[in-house]
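Q: With chain A's structure known, arrange chain B on it following the hints.
From first to last, the protein sequence lines are chains A and B.
So the first sequence is numbered by the working numbering: it starts at 1311 and just counts up by one.
So the second sequence is numbered by the working numbering: it starts at 1311 and just counts up by one.
Please keep in mind that the hints were generated in silico from the structure rather than gathered at the bench.
Glycine included, each C-beta is placed from N, C-alpha and C at the ideal position.
Incorrect hints may appear among the rest.
Straight-line distance between alpha carbons at most 30 Å, and here's what the computed DSBU-like set of lysine-lysine pairs gives [said to hold, decoys possible]:
no. : chain 1 : residue 1 : chain 2 : residue 2
1   : A       : Lys1494   : B       : Lys1353
2   : A       : Lys1570   : B       : Lys1604
3   : B       : Lys1570   : B       : Lys1545
Computed footprint of chain B on chain A; a stretch qualifies when at least three of its residues, placed anywhere within it, have a C-beta under 8 Å from a C-beta of chain B [said to hold, decoys possible]:
no. : segment
4   : 1379 to 1389
5   : 1484 to 1498
6   : 1509 to 1520
7   : 1601 to 1610
So the derived list for chain A, only partly shown, Cβ under 8 Å to chain B, looks like this [stated by the list, open to error]:
no. : residue
8   : Val1329
9   : Asn1359
10  : Ile1362
11  : Pro1591
Here is how the chains run, residue by residue.
Number of protein chains: 2
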Amino acid sequence: MTGKNMPARNAFYAQSGGVTAVINVSAQAVIETARKYPKKIGKVYAGRNGIIGALTEDLIDTSKEPLENIRALGHTPAGAFGSCRYKLKSLEQNRREYERLIEVFRAHDIGYFFYNGGGDSADTCLKITQLSESMGYPLIAVHVPKTVDNDLPITDCSPGFGSVAKYVAVSMREAGLDVASMAKTSTKVFVLEVMGRHAGWITAACGLAAARTGDAPQVLLFPEITFNPQQFLAKVDESVRKFGYCAVGVSEGLQNADGKFVAESGLVDAFGHAQLGGVAPVIANLVKQELKLKYHWAVPIICNARRAISPQRPTSSRAMRWARRRSNLPSRA
Amino acid sequence: MTGKNMPARNAFYAQSGGVTAVINVSAQAVIETARKYPKKIGKVYAGRNGIIGALTEDLIDTSKEPLENIRALGHTPAGAFGSCRYKLKSLEQNRREYERLIEVFRAHDIGYFFYNGGGDSADTCLKITQLSESMGYPLIAVHVPKTVDNDLPITDCSPGFGSVAKYVAVSMREAGLDVASMAKTSTKVFVLEVMGRHAGWITAACGLAAARTGDAPQVLLFPEITFNPQQFLAKVDESVRKFGYCAVGVSEGLQNADGKFVAESGLVDAFGHAQLGGVAPVIANLVKQELKLKYHWAVPIICNARRAISPQRPTSSRAMRWARRRSNLPSRA
Chain A
1311 MTGKNMPARN
1321 AFYAQSGGVT
1331 AVINVSAQAV
1341 IETARKYPKK
1351 IGKVYAGRNG
1361 IIGALTEDLI
1371 DTSKEPLENI
1381 RALGHTPAGA
1391 FGSCRYKLKS
1401 LEQNRREYER
1411 LIEVFRAHDI
1421 GYFFYNGGGD
1431 SADTCLKITQ
1441 LSESMGYPLI
1451 AVHVPKTVDN
1461 DLPITDCSPG
1471 FGSVAKYVAV
1481 SMREAGLDVA
1491 SMAKTSTKVF
1501 VLEVMGRHAG
1511 WITAACGLAA
1521 ARTGDAPQVL
1531 LFPEITFNPQ
1541 QFLAKVDESV
1551 RKFGYCAVGV
1561 SEGLQNADGK
1571 FVAESGLVDA
1581 FGHAQLGGVA
1591 PVIANLVKQE
1601 LKLKYHWAVP
1611 IICNARRAIS
1621 PQRPTSSRAM
1631 RWARRRSNLP
1641 SRA
Chain B
1311 MTGKNMPARN
1321 AFYAQSGGVT
1331 AVINVSAQAV
1341 IETARKYPKK
1351 IGKVYAGRNG
1361 IIGALTEDLI
1371 DTSKEPLENI
1381 RALGHTPAGA
1391 FGSCRYKLKS
1401 LEQNRREYER
1411 LIEVFRAHDI
1421 GYFFYNGGGD
1431 SADTCLKITQ
1441 LSESMGYPLI
1451 AVHVPKTVDN
1461 DLPITDCSPG
1471 FGSVAKYVAV
1481 SMREAGLDVA
1491 SMAKTSTKVF
1501 VLEVMGRHAG
1511 WITAACGLAA
1521 ARTGDAPQVL
1531 LFPEITFNPQ
1541 QFLAKVDESV
1551 RKFGYCAVGV
1561 SEGLQNADGK
1571 FVAESGLVDA
1581 FGHAQLGGVA
1591 PVIANLVKQE
1601 LKLKYHWAVP
1611 IICNARRAIS
1621 PQRPTSSRAM
1631 RWARRRSNLP
1641 SRA
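Chain A with its partners taken away, still in its complex shape (with noise of 0.2 Å):
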């Protein structure tokens, strides 16, 4: 693209979706990487929230900032330069949308776009790479993959994942290892929710931290797999007779034979309204009618996975002021 006397376009960096504990990460490695190639690549904008920064054209120049502070990135918690969920409708159906961002690129002579998100994001680098062709200015777009749920097609394991899945499975264990040393008296049912709406992953994931057969977790139900509560109800059962006690792992997007979501069974509050809860308290709901088993129930923050990581190293202030003005807080006095 550039050539030996062409000037080194721009780069446009966003987040995009709901955060991980390693989204600011890949936005370290875009920017770091990019500094080392200033032949290829001059500056690297950051949206402010998302592709929303780019559509107003809301951008943050990451050149002005020290590399220590672009090194702070990696420890800096949420999305650092802000993230949203919108996603960019079909080309035909919004083609002024497309345009739009052309124009903002072309304005700041940005040449290379890194979009952090998952599928949908992947799927506007393709749609924007089409259009920029089309459109007579030539524009790399790069998906940086992003998710918790892993799952991003081709992609073997996309970051988000990995912190995730030691988060739950050490959860799991702790929270296995609790039970079973109260359970002679007292509960003697776990039950952790956990994400991933399609793809059971992350309920994998609970059993990682499992050494010996018997184990925590002894039962593990599927978003892919259909709840079948008589089978359920067996194997805790069982495992209660056995082992003492039971873990169970679940995920949020278990589904009942009908295809409904197990999480909106019917739960209605005082008022008749619906009550969207998690599954973990229907679950542990339907142990305590059936089995008459005491029991104990967690939806955790899937954020905290962040902290698998590392909690004492610094963040990145210069992230962490960003943020504040994103959410319009007061700055430090």
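A: For chain B alone, kept in the frame of chain A given last:
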């Protein structure tokens, strides 16, 4: 108690109630300290599954363990010797049970009783001291405080609370930053449910990592303060307008004006069974119904508080084998 030529009397140590991140640190401290005073204290026996171990004469002789195993207790998860929820009745109601304890203590020449638990354990210590005196068997009973709730009278800060306080503080700060970085197009209200059914210490701890006005959490709902839905919704609405999002910390023991737990306020499943869900989904549902805001809620596993200490250090393999035996898991082949 022990005269110049009298042999040192033995000690009995038992864990009681829910385990904390540091209950085994207390065990380590009792055993290590006892070893430093061989003229005062002989062997330290631990009860398997707490006080039940004394009633059934199921004692673990910790003097057989090398010091390194005892030291490793400090980094061993769960209740290393097994805990139990078993409340001794009053002296009048079940004097025989107390007499049985004294019998076992007498049989093993136990002159010191360390009971590691909450308020009930402290009360048991008092009763046993009184009974042992009246039975002519002098016994020194020492309550070793343990509770996450920090609700023990006189005890200013109970071991167990600090770990949980740090855990919820960090969790709230992380989740707050996550939500702030997504709020423009996604989740605007985050609800974190925490323990402490009648004491608001853990709820208050949610705010420990807030540095400036407007930092998460913006709203805390205490068990000591009757829930006022209108006031709550107004606060959430104000926070979302002002900061772009709202993070809420809520005690599992939050009560309605009628004195009932909000968590139990009339939820029924498809079969009309009362649904014992958490308070977080009830609160989140209220926000959705009344303010039409996108929410996310979590009920963390408090056991994870442990990871705030050190996930890397070795655990007591002996204690892990105890845990294994306790739960009748197959031993390593």
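Q: Take the hints in turn and mark each one as holding or not.
A: Do the hints match the structure? See the list:
Distance check on the hinted pair: Lys1494/A and Lys1353/B sit about 26 Å apart at the alpha-carbon level, within 30 Å; holds. The hinted pair formed by Lys1570/A and Lys1604/B meets the criterion: a straight-line CA distance of about 21 Å does not exceed 30 Å. Distance restraint check for Lys1570/B and Lys1545/B: the Cα-Cα separation of roughly 22 Å lies within the 30 Å cut-off, and the hinted pair is therefore satisfied. Residue count for the segment 1379 to 1389 of chain A with a Cβ under 8 Å from a Cβ of chain B: 3. That meets the three needed, and the coverage hint holds.
A stretch counts as covered by a chain when three or more of its residues have a beta carbon under 8 Å from one of that chain; for the segment 1484 to 1498 of chain A and chain B the count is 11, and the coverage holds. With 0 residues bearing a CB less than 8 Å from a CB of chain B, the segment 1509 to 1520 of chain A misses the requirement of three and the coverage assertion fails. With 4 residues carrying a beta carbon less than 8 Å from a beta carbon of chain B, the segment 1601 to 1610 of chain A meets the three-residue requirement, and the given coverage holds. The beta carbon of Val1329/A comes within 5 Å of a beta carbon in chain B, closer than 8 Å, and the hint placing it at the interface holds.
Below 8 Å, beta-carbon pairs count as interface contacts, and Asn1359/A has one with chain B at about 5 Å; its hint therefore holds. Taking 8 Å as the C-beta cut-off, the interface hint given for Ile1362/A holds, the closest approach to chain B being about 7 Å. Look at Pro1591/A: its Cβ gets to within about 4 Å of chain B, closer than 8 Å, so that hint holds up.
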